[in-house]
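So the protein sequences, as listed, match chains A and B.
Whatever position you read off the first sequence (first residue = 1), add 647 for my numbering.
Whatever position you read off the second sequence (first residue = 1), add 24 for my numbering.
In short, the hints are calculated from the structure, not lab data.
None of these values were measured; they are calculated from a predicted model.
In this text, a Cβ means the ideal position worked out from N, Cα and C, and glycines have one as well.
One or more of the hints may lead you astray.
Taking beta-carbon pairs under 8 Å as the criterion, some of the chain B residues facing chain A (in silico) [unchecked claim]:
| hint | residue |
| --- | --- |
| 1 | D33 |
| 2 | R34 |
| 3 | I35 |
| 4 | C37 |
| 5 | F40 |
| 6 | G41 |
| 7 | D54 |
| 8 | W56 |
| 9 | V60 |
Residues from chain B that keep clear of chain A, each with C-beta distances beyond 12 Å, as calculated [said to hold, decoys possible]:
| hint | residue |
| --- | --- |
| 10 | G27 |
| 11 | R31 |
| 12 | T36 |
| 13 | T64 |
| 14 | E70 |
| 15 | Q72 |
Derived DEER-like restraints, expressed as beta-carbon distance ranges [what the hints assert, rightly or not]:
| hint | chain 1 | residue 1 | chain 2 | residue 2 | range |
| --- | --- | --- | --- | --- | --- |
| 16 | B | L53 | A | G953 | 32 to 42 Å |
| 17 | B | N79 | A | G1034 | 56 to 66 Å |
| 18 | A | R854 | B | A91 | 23 to 33 Å |
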Amino acid sequence: MSRQATSVRAVGSSAPPAKGPRLLGEPAGTDLTRHQAIHDARPDLGRAKRGHAGHLVSEIERSGLAGRGGGWFPTGRKLQAVVEAAHHARKDPVVVVNAMEGEPAASKDAVLVHRNPHLILDGAVLAAEAIGASVAHIAAHRGSRAISTFERAIEQRRGRDSVELRLHVGPDRYVASEESALAHFVGEGVALPVSVPPRVFESGVRRRPTFLANAETMAHIALIARYGAPWFRSVGDTTHPGTTLISVSGAVGSPGVIEVPTGTPVRDILGLAGGTTGSMRAAVTGGYGGSWVSAADVIDSPWTVGGLAAVGGIPGAGVLAVLPMEGCGLIETARVVHWMAGQGAGQCGPCRFGLAAVAADFSSLASARMKAPGLAALHSRLGIIPGRGACKHPDGAVRFAASALVVFQDEVDLHMSGRCSSTQRSPMLRVPSGTVTLPVSRPGEEWR
Amino acid sequence: MSGQILRIDRITCDGFGTCAQLLPERVILDEWGYPVIDPTPVRGSELQHAKRAVNACPRLALHLEKAPQVSTSASGHGR
C-alpha cells in the first residue's frame, strides 16, 4: 500500500517504526513506492527562506546527530553555520551528499546506497529545504555501483521534489572525498583540496555556503525528520546517539557492513561479523587515516569517539579491520602508507615529500633492513609533518603510521634485529590494485 | 592583546626558504626545505622582521593574520 502524497507538516510526526535496523531495514533494490510504504512519504516541511533555519535544523541539533563521514562534528551546528553564512553572504546555500567513499577499508556507503538510495536523497532534499537551498549535489566515485543506483532513484523521483538533484561522478582518489576537494570538484570540476579558511560551510561550491555531509548522515536526517529527535536518541551513546554503520573486515567470520547503536562494545561488533577467526593481534579503527589499537585495548571499548580515543582509536568513517595474531602490523602499515602517500593531491610540500619519506622508511622497517638512525629519522618525520597540509590527508596518514610504531613496539624491536614474527603470507589490509607498487618484502626475501 | 600570527598557504608555498633566512627566530625549514613556523603571536620588534619576510616571499604564501579567538571549532561557531 502506497502512502505517497500524504502531507506531513510537522517534524517528527510519523509513527516510529518497529525496533531493528534503521538504515539497512529495506531490502536491496527498493523503489520509491516501496520505500514510502516502509518509511512514510518524505515529510513536507516547506522551504526555509535564505538566512533562516527551518524547524528541522533545531530538531537535528536536539537529536545529537554527528557527521558519519569521519569527523563526528555535530550536524545541527554545521547546518546552523551554513544558514548564518548564507545570511551574511546573501547567497543561496547548496547541499552536497558525499557518497565518494574513498576509504579502501570502508564499504558502508556503497551498501547504504545499494539498499536505501531514497533515504539518502530524502535527507538531502529535507536538509536543502531546511536551509533554503534549491540544489542538492550527490557525488559518488567513478566505477562505483552507486552511480547507476542514484541515476535510477533520481529518475523515479522526477517531479516530486522541490529541490533539484544533480549527480556527479568523481575521480577514484582518496583525497577527492576530502570536503574542500569535493566542493571544489562539484563547483569547478577540480577534485583538489583548497586552502582553508574559508571553510566549506561558508564558501564551498562556487563560493556558496555549502552543507556537505556523508551519505549516512543524510539518511539519518531523513529519519529524524519523520520520527523526531527523541526517537533518534532512544538508542546509542548519550554524546553521539543513534545507530551507525561499520565496515568490518580482516580476520572475521563474515566480513561486511553492520548497523549497531553507537556505544556498542567492539567485542559485540565482532560477534555480529561472525567473530574473529583465530586470535586477534590488533585492529585498524577509523580507516587508513585512523589508527591501530591492540587487541587487548580495543576489545572492550565502546564504539564512540570518547571510548575509542581512550585507547588511541577513532571511529572515523566506521572502519574496523582485524589483524590476526599471525599477521605483521608493520608489513600491513607499510603497504597502506605507500598507498596513502600516492593518494595525496601533491599540492603541499610537507605531504608530498614527507609521506613519501615515511613510506620509504616503513618499507625499510617492514623488511627488517632498518638501522637505528633510520628509526630515529622516521620518528622525527612523523613529528614534523602533521598540521602542515592544506587538508588533513597528511595528518591521517601520519596518525596511522605513528600508531603502528606504538601498537607494534615488540614487532619493531624484532624487525630492528632483522627478524619478523609473522607467519601469514597474504596481506590483510587491502589497497586498490594497480594504484601502487609495493616495495615491501618480508624479511629474508630479496626484492631489489 | 592577541597580536598577530604567521600563517602559510601550504598549497602556494614552494619552499624557496626566504622566510627562514629573514626570520630565523620564527621559521625553520624541514629536511625538504618547507617552513615550520612558530605558531605563537608575533609581538614588538619581531613584527617588523615578520612583515619584511611576508613581503619578501616570492610566492606570496606567507601571511600575518590577526590571532584567532580561543574557539576553534570546525564550523567556527555554533550555539
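Hint-by-hint comparison with the structure:
Interface hint status for D33 of chain B: upheld, as the beta-carbon distance to the closest one in chain A is roughly 5 Å, under 8 Å. With its C-beta approaching chain A no nearer than about 4 Å, R34 of chain B sits inside the 8 Å limit, and its interface hint holds. For I35 of chain B, the interface hint holds, since its Cβ comes within 8 Å of a Cβ in chain A; the closest pair sits about 5 Å apart. A distance limit of 8 Å between C-beta atoms decides the matter here; for C37 of chain B the minimum to chain A is near 7 Å, and the interface restraint holds.
Annotation: F40 of chain B was flagged as interfacial toward chain A, and the flag is violated, the nearest CB pair being 11 Å apart, outside 8 Å. For G41 of chain B, the interface hint is violated, since its Cβ never comes within 8 Å of a Cβ in chain A; the closest pair sits about 11 Å apart. Proximity of D54 of chain B to chain A holds as hinted, the smallest CB-CB distance being about 5 Å (cut-off 8 Å). Below 8 Å, beta-carbon pairs count as interface contacts, and W56 of chain B has one with chain A at about 4 Å; its hint therefore holds.
The beta carbon of V60 of chain B comes within 6 Å of a beta carbon in chain A, closer than 8 Å, and the hint placing it at the interface holds. No Cβ of chain A approaches the Cβ of G27 of chain B within 12 Å, the least distance being about 19 Å, so the stated non-interface status holds. Its closest Cβ contact with chain A, about 10 Å, brings R31 of chain B to no more than 12 Å, contrary to its assignment away from the interface. Some Cβ of chain A comes within 12 Å of the Cβ of T36 of chain B; the nearest lies about 7 Å off, and the non-interface call is violated.
With a cut of 12 Å on Cβ distances, T64 of chain B stays outside the contact zone with chain A, its closest approach being about 14 Å. Non-interface status of E70 of chain B relative to chain A is upheld: no Cβ of that chain comes within 12 Å, the nearest being about 22 Å off. With a closest Cβ-Cβ approach of about 26 Å to chain A, Q72 of chain B is found to remain outside the 12 Å limit, as its non-interface label requires. For L53 of chain B and G953 of chain A, the hinted distance range of 32 to 42 Å is satisfied, since their beta carbons lie about 38 Å from each other.
Taken as a hint, the range 56 to 66 Å is violated for the pair N79 of chain B and G1034 of chain A, whose Cβ atoms sit roughly 25 Å apart. At about 26 Å, the beta-carbon gap between R854 of chain A and A91 of chain B stays in the expected band of 23 to 33 Å.
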